[in-house]
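Undergrad: Chain residues, written in single-letter form:
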Amino acid sequence: MTDRASDNHIPDRLDVGWKPRMLRWETLLFAVAVVIFVFNANASPYFLDPWNLSDATFNFTEKATIALAMALLIVAAEIDLSVASIIAVASVAMGAAAQAGVGTWGLVVIGMATGALAGAFNGFLVTRFGLPSIVVTIGTMSLFRGIAYVVLGDGVYKGYPADFAFFGQEYVFWVISFEFVFFLVMAVVFGIILHRTVFGRWIFAIGNNPVGARFSGIRVERVKFILFVVSGLMAGVAAVMLTSRIGSTRPTIALGMELEVVTMVVLGGVNILGGSGSIPGVVIAAFVMGLVTFGLGLLNIPGIVMSIVIGVMLISVIALPILWKKIRAP
Amino acid sequence: MQKQDADSYGLPTVAEPVLRMRGIGKKFPGVIALADVDLELVPGEVTALVGENGAGKSTLVKILCGIYQPDSGVIELAGREITLASAEQAMAQGVSVIHQETVLFDDLSVTENIFMGQQIKGRFNCLDWRAMHKRAAALLSSLESDIDPGSKLKELGIAQKHMVAIARALSVDSKIVVMDEPTAALSYKEIEELYEIVEKLKSENKAVLFISHKFEEIFRIADTYTVFRDGVVAGKGRVSKTNQNDLIAMMVGRTVNQIFPKESVEIGNPVLTVQGFCHPTEFADIEFSVNRGEILGFYGLVGSGRSELMQAIFGISQPTGGRILLDGAEISIRSPGDATGRGIVYVPEERGRQGVVLALPIFQNITLPSLSGLSPKGFLDLAKEFELARSYAERLQLKAASLSHPVSTLSGGNQQKVVIAKWLATEPRVIILDEPTKGIDVGSKAAVHGFMTELVKAGLSVIMISSELPEILGMSDRVAVMREGRLIEIVDRKNTDAETLVRTAIGTSQPVGGEAA
Amino acid sequence: MIKALLKNRDVVLGLILVMMTLAIAARFPGFIELENLRGIFTDTSILIILALAQMIVLLTRCIDLSIASNLALTGMIVAMINASSPELSIAVLVGVSLIVGFCLGAVNGLFVWLLGIPPIVVTLGTLAIYRGIIFLLTDGQWINAHEMSPAFLQAPRNIIIGLPVLAWVAIGLVTAAAVFFGWSKLGRALYAVGGNPVAAVYAGLDVGKTQFIAFCISGMLSGLCGYLWVARYAVAYVDIARGFELEVVAACVIGGISIAGGIGTIPGVVLGALFLGVVKNALPVIGISPFWQLAISGSVIIIAVVINARQEKTVGKLILRSSHKAG
Numbered sequence: 003m004t005d006r007a008s009d010n011h012i013p014d015r016l017d018v019g020w021k022p023r024m025l026r027w028e029t030l031l032f033a034v035a036v037v038i039f040v041f042n043a044n045a046s047p048y049f050l051d052p053w054n055l056s057d058a059t060f061n062f063t064e065k066a067t068i069a070l071a072m073a074l075l076i077v078a079a080e081i082d083l084s085v086a087s088i089i090a091v092a093s094v095a096m097g098a099a100a101q102a103g104v105g106t107w108g109l110v111v112i113g114m115a116t117g118a119l120a121g122a123f124n125g126f127l128v129t130r131f132g133l134p135s136i137v138v139t140i141g142t143m144s145l146f147r148g149i150a151y152v153v154l155g156d157g158v159y160k161g162y163p164a165d166f167a168f169f170g171q172e173y174v175f176w177v178i179s180f181e182f183v184f185f186l187v188m189a190v191v192f193g194i195i196l197h198r199t200v201f202g203r204w205i206f207a208i209g210n211n212p213v214g215a216r217f218s219g220i221r222v223e224r225v226k227f228i229l230f231v232v233s234g235l236m237a238g239v240a241a242v243m244l245t246s247r248i249g250s251t252r253p254t255i256a257l258g259m260e261l262e263v264v265t266m267v268v269l270g271g272v273n274i275l276g277g278s279g280s281i282p283g284v285v286i287a288a289f290v291m292g293l294v295t296f297g298l299g300l301l302n303i304p305g306i307v308m309s310i311v312i313g314v315m316l317i318s319v320i321a322l323p324i325l326w327k328k329i330r331a332p
Numbered sequence: 024m025q026k027q028d029a030d031s032y033g034l035p036t037v038a039e040p041v042l043r044m045r046g047i048g049k050k051f052p053g054v055i056a057l058a059d060v061d062l063e064l065v066p067g068e069v070t071a072l073v074g075e076n077g078a079g080k081s082t083l084v085k086i087l088c089g090i091y092q093p094d095s096g097v098i099e100l101a102g103r104e105i106t107l108a109s110a111e112q113a114m115a116q117g118v119s120v121i122h123q124e125t126v127l128f129d130d131l132s133v134t135e136n137i138f139m140g141q142q143i144k145g146r147f148n149c150l151d152w153r154a155m156h157k158r159a160a161a162l163l164s165s166l167e168s169d170i171d172p173g174s175k176l177k178e179l180g181i182a183q184k185h186m187v188a189i190a191r192a193l194s195v196d197s198k199i200v201v202m203d204e205p206t207a208a209l210s211y212k213e214i215e216e217l218y219e220i221v222e223k224l225k226s227e228n229k230a231v232l233f234i235s236h237k238f239e240e241i242f243r244i245a246d247t248y249t250v251f252r253d254g255v256v257a258g259k260g261r262v263s264k265t266n267q268n269d270l271i272a273m274m275v276g277r278t279v280n281q282i283f284p285k286e287s288v289e290i291g292n293p294v295l296t297v298q299g300f301c302h303p304t305e306f307a308d309i310e311f312s313v314n315r316g317e318i319l320g321f322y323g324l325v326g327s328g329r330s331e332l333m334q335a336i337f338g339i340s341q342p343t344g345g346r347i348l349l350d351g352a353e354i355s356i357r358s359p360g361d362a363t364g365r366g367i368v369y370v371p372e373e374r375g376r377q378g379v380v381l382a383l384p385i386f387q388n389i390t391l392p393s394l395s396g397l398s399p400k401g402f403l404d405l406a407k408e409f410e411l412a413r414s415y416a417e418r419l420q421l422k423a424a425s426l427s428h429p430v431s432t433l434s435g436g437n438q439q440k441v442v443i444a445k446w447l448a449t450e451p452r453v454i455i456l457d458e459p460t461k462g463i464d465v466g467s468k469a470a471v472h473g474f475m476t477e478l479v480k481a482g483l484s485v486i487m488i489s490s491e492l493p494e495i496l497g498m499s500d501r502v503a504v505m506r507e508g509r510l511i512e513i514v515d516r517k518n519t520d521a522e523t524l525v526r527t528a529i530g531t532s533q534p535v536g537g538e539a540a
Numbered sequence: 008m009i010k011a012l013l014k015n016r017d018v019v020l021g022l023i024l025v026m027m028t029l030a031i032a033a034r035f036p037g038f039i040e041l042e043n044l045r046g047i048f049t050d051t052s053i054l055i056i057l058a059l060a061q062m063i064v065l066l067t068r069c070i071d072l073s074i075a076s077n078l079a080l081t082g083m084i085v086a087m088i089n090a091s092s093p094e095l096s097i098a099v100l101v102g103v104s105l106i107v108g109f110c111l112g113a114v115n116g117l118f119v120w121l122l123g124i125p126p127i128v129v130t131l132g133t134l135a136i137y138r139g140i141i142f143l144l145t146d147g148q149w150i151n152a153h154e155m156s157p158a159f160l161q162a163p164r165n166i167i168i169g170l171p172v173l174a175w176v177a178i179g180l181v182t183a184a185a186v187f188f189g190w191s192k193l194g195r196a197l198y199a200v201g202g203n204p205v206a207a208v209y210a211g212l213d214v215g216k217t218q219f220i221a222f223c224i225s226g227m228l229s230g231l232c233g234y235l236w237v238a239r240y241a242v243a244y245v246d247i248a249r250g251f252e253l254e255v256v257a258a259c260v261i262g263g264i265s266i267a268g269g270i271g272t273i274p275g276v277v278l279g280a281l282f283l284g285v286v287k288n289a290l291p292v293i294g295i296s297p298f299w300q301l302a303i304s305g306s307v308i309i310i311a312v313v314i315n316a317r318q319e320k321t322v323g324k325l326i327l328r329s330s331h332k333a334g
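If you're matching them up, the sequences are chains A, B and C in order. Sequential numbering of the first sequence, starting at 3, is according to this note's numbering. Sequential numbering of the second sequence, starting at 24, is according to this note's numbering. Sequential numbering of the third sequence, starting at 8, is according to this note's numbering.
It is worth saying that the hints were derived from the structure and are not from the lab. Any given hint could be a false lead.
Unchecked claim - 30 Å max Cα-Cα, derived DSS-like pairs, lysine-lysine: (1) B/K50 - A/K327; (2) B/K175 - C/K287; (3) B/K223 - C/K216.
Said to hold, decoys possible - Only part of the chain C face toward chain B is listed, based on derived beta-carbon distances under 10 Å: (4) S191; (5) I270; (6) I273.
Unchecked claim - Covered stretches of chain C, as calculated for chain A (at least 3 residues, CB under 8 Å): (7) 44 to 57; (8) 126 to 139; (9) 227 to 239; (10) 305 to 313.
The C-beta atom is built at its ideal place from N, Cα and C for all residues, glycine as well.
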C-alpha cells in the first residue's frame, strides 16, 4: 500500500462552469416568470398599472406563505394536505372569538394558536404512531373542516373589528401591502432556515434518508413534529390574512387551496418525494402562479379553468424533466 | 464424499455444459462489477462460485435471474443463445434462484410465496389453491420442515423464511439451480438437510451453482469451482485438485497473512461494559466489556443478533433490561445522539440505507453527526465544515473528485471511508464497526484494517462485527461468539481457531468440515 | 376459537357495525326495519363500488385521488349523450361510461407506469383537470332530470327480487372482485406488487404494468359510478361528488386497507363503506345535524389509521423466537 496521503488533496468543490448554473431549475423558472410578465403586459394595457400589480399579489401571498412551510415539510419527505382545512378551523375560531368581543390582536393570537395546535395534532399523529402523513392529513383535512361545519353549519361569521382589516387589506407603503411584505420577510426567514442552519441540513438529511439521519444522531421525529407545527402556524397566519381580506368566515373558506400550495412547492423545484428543493425556487414559483392567475383574470377566464391550468402545471413540471431525460438517454 | 467417489471411478467430465456464459461484462456508475467473465454449468454437477464480497458474484446471480442485463457477452442454454430480459423469462428458461436475502412477501401465506408468479391454475383459469397447498406441503416436508403452508410469512423466523425460499426454488422443474449463500441463516441441522437436497438435485441431473464463503462447504459438496476476484475470473478447476490455501490465494491475489496489519497494542482498563442486556425478540442476557486499545471481534452467523445488540447499545432500539457502564459508571442511552455524546459510535452494516445520505455531498455527510458542535448558534459554517471533512477524508485516503460531490458518485470502498470518517469526526472513544469491509474492494479493505490498528493505537476501543473468519482471526484481540440472540462465549484469539469458532457459532460439537477443513 | 375470531379485523369491524346499528335501533326501532336497511344499502352502493376501485389501486402502493372527478366527468358525458340522443340504449351508455372511465384511469396509470411520477401528484393533478374539463364541456350548465330520458333515470332504480338494480350492481361487483382477488393471477399480483415490489420483480412480475392495470380498473369502475350517480340523483353539473374521493379513502382505511400497499380484504372494504353509510343515515335519525358528518368521518379515518398501524407494526427479526421454534 503506497502512502498517498500527501498528494491526496481533495478540492472543496469543482468549478462546474456556467452551463449547469443556467440550466438550474430556479433560473429556468425565473425566465418563465419574465416571459409571462412580458406576455401579460402585451395582452392587457391594465397589467402594468402599479395598483393592478399590487392587487395581483393578493391572489398568491396567502398560499405562498403556507407554501414556504410546506416546502420544508416536503423536503423532509412529509406532506400536509390539511392546510386549507386548518385555515377554515382557524378562521372559525377567530370568528367565534370576534363574536365574543375579542379585540384585533387577540384574534391574531387565536388564529395563529389554532393553526399551530392543528399542526401539532398532525405532527403528533405522524411522529408518535409512525403514520404516513398523506393519510393522516387526509383524515385531519376532513376533521378540521368538519369542525368548522359543526360550529358554523351553513352560517357565516361577520363583524370583525374594523382595524382587523389591516392584515389583508392595508398597505404598508404606497402599493406595497402588508401581506406582500409579510410574505417577503417570511421567504427570507425560511430561506435562511433551510439553507443556512443546522436545522435545515437536518431537513435535507431526513428527506433523503430518514434511517441514515436517525443513525447519524438526528432526532428525526422531533424535527418532523416541529415542521408540522410550523406548517400549521403558517396556515394560521394565512387564515388571519385571508379572513381579514374577505372580512367574513364561512366553513368553505379556502376550499381546495392545498392543491395550489402543493403545486406551488413542486413547481418551485422541490422533489415531491423529499430530499431536495430550495426556497428561492418556491418564491419564484409563487410569482409565476400569481402572474398566470392574474393574466387569466385579465383575459376574463373563469376560475375553474384556472384549476385545469394548475393541474396541468403540477403534472407537467414533474413529467417534462423525466421525459427530457428519457429522450436524451435512450 | 460424492466427489471422491466420482474421482476414484476416474469419471471424466463428459457432460456438455447446459449453461455457458461467455465474456459477460457489467458496469455500474463508478464500478466495473464484471469484466469479461466466463462460466459453465454442467448437468449433475455442483459448481462453487467463490470470491470475496464485492467480487461480482451477486451481480452474476442477478444477471442469471434476469434482474440485471449484461452490457456485453452471451449466455447460451443448451447450445442456444438466449436473453434473460426479466425474472419471468429466466424462470421460463429453467433457472431458479435461492437468493441471499430472502426476497419474499411478508403478508402473504407460505404457499403463495412459493408459487407467486408461477401459480397452478385449475378450472376456468382460476388459481387452484388446493393443489398449491398440497404441493407446498409436499415440498416443505421433502425439506423435512414442519412449516404450515397456510401460515403467513411474517409469522416465521429467518431460518424458516429461508426454507420457504428454498422450497420456492425447488417448486419448478428447473435445469439450473442457483444458490446464493444458502446456508448463511440456517442452523446446523438445516444445513445438513440442504446438503442432501443438493445431492438429490445432482442425481436428478440438474446443474447447481453454489455460492459460498465457507470452504468446508465447498470441499464437501462442490465438484468444480470458479473464483471471482474484482469482477474477473481468477481461477477455475475441479475441487478435488485444489486446496483451501490455493483458493484463498486466488480470491485475494496474495497470501492471507499479509492482509491483516494487526499490531499488538497495550490493552488498558475496561471502557464500555454491558451487563444483562435483554431485548424482547432479538437477544438476551448479554454481558461483555471492551477495553482501551482493544479490538473485540463479534462472530456469529448472519442473523445471530449481533447488529441488533449493537444498535440497542447505540440507542436505535430500546432494550428491556440491562445496564451500560462507561468507565465503570452507569450511563443511560435513549437515542443515537446520547450515544454519540458519550463517545460511543456505530458504523452500520447497511451502508447505503443506514450509513450515508447518498444524495448529499461528501462533506455534509462527514459533518452530519458533528454539526451541532461545529455551529453552536445553529448557523452553518461552511469553512469549518470543509476543514473538518477534509482532515478526515485525507487521513482515510478517500478518493473523490471533490468534497462537494454526492456520496453516491463514490465506489463502495470510498463510501465506507466516508461513513467511518463521519463517525471519527465526532472523536469517539468506542467505535462499533458492523461488517466494516463487507462488499468493498481489496484495497479499501486493507485501508480500513490499517486504520483500525491506528485507532486502537490512539487509545480507542473497537468492537468489530464480522462474519468473515479471516478478518475476525486477523484483527481481533478477543472474539465474542453469538448464536441465536445469545452471547455464547468470549475467547482470546490466541486460544481459538476457525473451526472452533464456526462450531460455537452454529451450535454443534460435531466436526463441521469435510476432509479438507 | 372466539379469541382467534376477535383477532380478525374484519370480524371486529363487523361486530362494531352491528352493535352500532343495534344501539341506534334501541332508541329508534325504525332504523332496523327492512325498508330502512335496504335504503341504507342502496345509498351506500356507489361508495362500495368506488371503495373497491380505490382498494385495487391502494393494494399496489398507489392512490387515486381523481376517482370523484372521473365520476363527475364521465357522468356528465353520459348525461350529455343521453340529453342529445335519448334514443340510445342504456347498454350503450353504460359501455360509454366504462370506456371513458377506463381512459381517464389509464391516463393516471400511464404517468405512473412510464414516467414513474408519484401517484399522489398525478391524481391530485387530474383531480383538478378532469373537473375543469366538465366546465369546458358545459360552460357551467346543469343537465336536469327533465332533459334525461326516463329509461336512463329508471335503469338503476328497477327493483329485482326486492332490491334496486343499483344495489345488485354493487353486490355483483363485490362478488366479482372477491373472485378476482382470490383466484386470479392478476389479483394476487396486486397484493405482491404492493407488499414487496422488489420481491415482485424477482417473482417475474412487472410492477409498473400491474399498477397501470390497477389504475385502468379503478377508472373503469369510477366511470360506471358516473352513470349510476347521475341517474340516481337525476342531475349532472360541475360539482357532483366533489370531495367524495376523501370519503372513499376513508372507507378503505376504515376497512383496513393499508396505504403502504399489499394489505386489505374485500369484506373489510365493504364493511368500511357500510360503516360510513350507516353513520350518514343515522345522523338525521338520532337528531344530529348533518354538518357533523365530515368531522365524524375525519375522526374515524384517523382512529382507523392508528389501529391499522398498530396491526401492521413490523416486528424485528425474531431471532430469539426462531431459536426455540426452529428444528
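Undergrad: Taking the hints in turn, state whether each one holds.
TA: Comparing the hints with the structure gives:
Note on B/K50 and A/K327: the hinted pairing holds, with a Cα-Cα distance of about 20 Å set against a maximum of 30 Å. For the hint pairing B/K175 with C/K287, the CA-to-CA distance comes to about 36 Å; that exceeds 30 Å, so the pair is violated. For the proposed pair B/K223 and C/K216, the alpha carbon gap of about 38 Å is over 30 Å, so the pair is violated. Contact between C/S191 and chain B, as hinted, is supported at the beta carbon level, the nearest pair being about 7 Å apart and thus within 10 Å.
Satisfaction of the interface hint for C/I270 is found here, the shortest Cβ-Cβ separation to chain B being roughly 5 Å, below the 10 Å cut-off. Taken as an interface hint, C/I273 does not check out: its beta carbon lies about 16 Å from the nearest beta carbon of chain B, beyond 10 Å. Requiring three or more residues with a Cβ within less than 8 Å of a Cβ of chain A, the coverage given for the region 44 to 57 of chain C is violated, as only 0 such residues are present. Judged by the Cβ-Cβ criterion of 8 Å, the region 126 to 139 of chain C is covered by chain A as claimed, because 11 of its residues qualify and three suffice.
Restraint check on the region 227 to 239 of chain C versus chain A: 0 residues with Cβ-Cβ distances below 8 Å, three needed, restraint violated. Under a criterion of three residues with beta carbons nearer than 8 Å to beta carbons of chain A, the stated coverage of the region 305 to 313 of chain C is upheld, 6 such residues being counted.
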